[in-house]
Amino acid sequence: MEIKYTVIWMLWAFALILLVIFPQVLVPIAAFLGIATPINALFFISVFFSHIMIFYLYKKISIHYEAIKNLNYEIAKLKQECDKHDDNK
Numbered sequence: 161m162e163i164k165y166t167v168i169w170m171l172w173a174f175a176l177i178l179l180v181i182f183p184q185v186l187v188p189i190a191a192f193l194g195i196a197t198p199i200n201a202l203f204f205i206s207v208f209f210s211h212i213m214i215f216y217l218y219k220k221i222s223i224h225y226e227a228i229k230n231l232n233y234e235i236a237k238l239k240q241e242c243d244k245h246d247d248n249k
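Under the working numbering, the first residue of the sequence shown carries the number 161, and numbering increases by one thereafter.
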């Protein structure tokens, strides 16, 4: 696990703690979003942030999947060349 993801989640947890301690900060945000209570706005923001993080991590996994697929292809190609070279001896 990379440290940057841990730092992001720790900063988010710290922000949530601050918003719970000072809920008056959420009142204008809830009003802007059209949400009745500040705690529901906090829940909505938390779910939204979680979805953003999941999407980002999904994109990273997709990139790694493509890289692994390419590496498997290269390994198979090299193995085939090695087998061909061994057969010629």
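Keep in mind the hints are simulated off the structure, nothing from the lab. It cannot be assumed that every hint is accurate.
[What the hints assert, rightly or not] Below, a list of computed lysine-lysine pairs in the DSSO-like style, where the Cα atoms sit at most 27 Å apart: (1) K219 with K229; (2) K237 with K164; (3) K164 with K239; (4) K219 with K244; (5) K219 with K164; (6) K229 with K239; (7) K220 with K244.
[Stated by the list, open to error] Cβ-Cβ distance ranges computed for the label pairs, FRET-style: (8) L193 with F215: 40 to 48 Å; (9) K219 with V185: 26 to 34 Å; (10) Y216 with F174: 43 to 51 Å; (11) Y233 with F182: 53 to 61 Å; (12) Y216 with A191: 23 to 31 Å; (13) M170 with V207: 33 to 41 Å; (14) A196 with Y218: 26 to 34 Å; (15) Q184 with L231: 50 to 58 Å; (16) W169 with I189: 26 to 34 Å; (17) F203 with Y233: 19 to 27 Å.
Note that this is a predicted model, so its numbers are computed, not measured. Think of the CB as a built atom: it goes at the ideal place given N, C-alpha and C, for glycine as much as any other residue.
Exercise. Looking back at the numbered hints, which does the structure fail to meet, lowest number first?
Worked result: 2, 3, 4, 7, 8, 10, 13, 16 and 17
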